[in-house]
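Student: Sequence:
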Amino acid sequence: MRKPCCDKQHTNKGAWSQQEDQKLIDYIQKHGEGCWRSLPQAAGLLRCGKSCRLRWRNYLRPDLKRDGFGEDEEDLIIRLHALLGNRWSLIAGRLPGRTDNEVKNYWNSHIRKKLESSHRNIGFTRLRAEISSAARSKSQANDPETLLAVNNQVFDSNGGKPEPSNKSSSDINLDLTLSIPSKNKQESSEEN
DNA sequence: AAAAGGGACAACCGCTGTGTT
DNA sequence: AAACACAGCGGTTGTCCCTTT
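In our numbering, the protein residues as written are 1 to 192.
Hint data in this document are derived by calculation from the structure and do not stem from the laboratory.
Mixed in with the good hints, there may be bad ones.
What the hints assert, rightly or not - Dumping the calculated EDC-like pairs for lysine to aspartate or glutamate here, alpha-carbon to alpha-carbon at most 16 Å:
{"#": "1", "residue 1": "Lys50", "residue 2": "Glu20"}
{"#": "2", "residue 1": "Lys104", "residue 2": "Asp75"}
{"#": "3", "residue 1": "Lys114", "residue 2": "Glu74"}
{"#": "4", "residue 1": "Lys23", "residue 2": "Glu33"}
{"#": "5", "residue 1": "Lys113", "residue 2": "Asp67"}
{"#": "6", "residue 1": "Lys65", "residue 2": "Asp100"}
{"#": "7", "residue 1": "Lys113", "residue 2": "Glu74"}
{"#": "8", "residue 1": "Lys50", "residue 2": "Asp21"}
{"#": "9", "residue 1": "Lys50", "residue 2": "Glu33"}
{"#": "10", "residue 1": "Lys114", "residue 2": "Asp75"}
{"#": "11", "residue 1": "Lys114", "residue 2": "Glu71"}
{"#": "12", "residue 1": "Lys104", "residue 2": "Glu74"}
{"#": "13", "residue 1": "Lys65", "residue 2": "Glu102"}
What the hints assert, rightly or not - Taking CB as the label site, the calculated pair distances span:
{"#": "14", "residue 1": "Gly34", "residue 2": "Thr11", "range": "18 to 28 Å"}
{"#": "15", "residue 1": "Gln22", "residue 2": "Lys113", "range": "30 to 40 Å"}
{"#": "16", "residue 1": "Lys65", "residue 2": "Gly44", "range": "27 to 37 Å"}
{"#": "17", "residue 1": "Asp26", "residue 2": "Ser109", "range": "29 to 39 Å"}
{"#": "18", "residue 1": "Asn12", "residue 2": "Lys114", "range": "35 to 45 Å"}
{"#": "19", "residue 1": "Cys35", "residue 2": "Glu71", "range": "35 to 45 Å"}
{"#": "20", "residue 1": "Arg87", "residue 2": "Leu64", "range": "14 to 24 Å"}
All residues carry an ideal CB built from backbone N, CA and C; glycine is no exception.
Based on the sequences and whatever the hints tell you, model everything.
Tutor: This is the structure we're talking about:
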């Protein structure tokens with residue numbers, strides 16, 4: 001049995017206070033990310049290291065977008081989910097400024113219901129079936145890179161992805177070539 | 001105006017993958 | 001090769017807030 005990541009009797013739980021946020025921000029600005037296990041003590045926080053990591057990555061990181069999802073982002077999420085399933089970190093890696101948790105929440109609360117109830121569902125189901133079928137015909141059907149390439153072919157033959165909205169943001173990476181997510185995120189944060 | 005219901009989102013939990021010893 | 005430590009991931013839960021009755 002693995003030891004717990006921290007002594008839960010001496011850690012806070014629940015919503016973060018402004019003071020806690022500030023301590024975490026200050027510490028990471030000084031020392032950078034990493035070594036989450038020892039961070040809480042070093043930063044003077046009564047929190048589990050995992051909790052600190054989540055708070056930073058999902059909420060406090062300076063490169064996060066805090067506005068709502070655009071139509072183009074939603075379309076991309078739908079396309080990627082059809083390909084990759086619930087691999088939220090991979091999907092989020094294609095959406096600069098978005099986190100896996102954010103994408104997951106958005107999917108569960110908005111897109112899934114929308115797809116289940118709308119006419120779009122018909123197209124979505126058909127699309128997914130086509131992608132799966134095309135991918136199965138390849139020997140590396142479970143290889144994400146192959147799936148993405150197949151997806152692009154299916155979309156091209158379908159006349160491309162849905163019309164992008166006017167407020168299409170230029171920083172969304174519509175090039176569905178897989179790269180290592182962590183590297184990708186690092187590059188995008190360096191751009192900002 | 002108050003209560004109930006539902007949606008949205010932040011946070012937690014347990015498991016897995018990976019690197020190190 | 002095995003055991004361990006750690007970071008990361010996805011599923012789930014809890015809480016807040018808005019809408020409806």
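Student: A separate judgement is required for each hint: does it hold in the structure or not?
Tutor: Here is how each hint holds up against the structure:
1. The hinted pair formed by Lys50 and Glu20 meets the criterion: a straight-line CA distance of about 14 Å does not exceed 16 Å.
2. Restraint check for Lys104 and Asp75: the C-alpha separation of about 14 Å stays at or below 16 Å, so the hint holds.
3. The straight-line distance between the Cα atoms of Lys114 and Glu74 is roughly 11 Å, inside the 16 Å bound, and the hint therefore holds.
4. Between Lys23 and Glu33 the alpha-carbon distance is near 13 Å, which keeps this suggested pair within the 16 Å criterion.
5. At roughly 21 Å between alpha-carbon atoms, Lys113 and Asp67 are farther apart than 16 Å, so this suggested pair is violated.
6. For the hint linking Lys65 to Asp100, the alpha-carbon distance of about 13 Å falls within 16 Å, and the restraint holds.
7. For the suggested pair Lys113 and Glu74, the alpha carbons sit about 13 Å apart, so the restraint of at most 16 Å is met.
8. This hinted pair checks out: Lys50 and Asp21 have alpha carbons roughly 14 Å apart, not beyond 16 Å.
9. Annotation: proposed proximity of Lys50 to Glu33 holds, straight-line Cα distance about 12 Å (limit 16 Å).
10. Restraint check: the Cα-Cα separation between Lys114 and Asp75 comes to about 12 Å, which is no more than 16 Å; the hinted pair holds.
11. About 13 Å separates the Cα atoms of Lys114 and Glu71, which keeps this hinted pair within 16 Å; it holds.
12. With a C-alpha separation of about 12 Å, the suggested pairing of Lys104 with Glu74 holds against the 16 Å cut-off.
13. At roughly 10 Å between alpha-carbon atoms, Lys65 and Glu102 fall within 16 Å of each other, so this suggested pair holds.
14. Separated by about 20 Å at the C-beta atoms, Gly34 and Thr11 satisfy the suggested range of 18 to 28 Å.
15. At about 37 Å, the CB distance of Gln22 to Lys113 agrees with the hint of 30 to 40 Å.
16. For the pair Lys65 and Gly44, the supplied restraint of 27 to 37 Å holds, since their beta-carbon distance comes to about 29 Å.
17. Checking the proposed 29 to 39 Å range against Asp26 and Ser109 shows it holds: the Cβ atoms sit about 33 Å from each other.
18. Restraint check, Asn12 to Lys114: a C-beta distance of roughly 37 Å satisfies the suggested window 35 to 45 Å.
19. At roughly 40 Å, the beta-carbon separation of Cys35 and Glu71 lies within the given 35 to 45 Å, and the hint holds.
20. At about 20 Å, the CB distance of Arg87 to Leu64 agrees with the hint of 14 to 24 Å.
Comparing the model with each earlier hint shows a violation of hint 5 alone; every other hint is respected.
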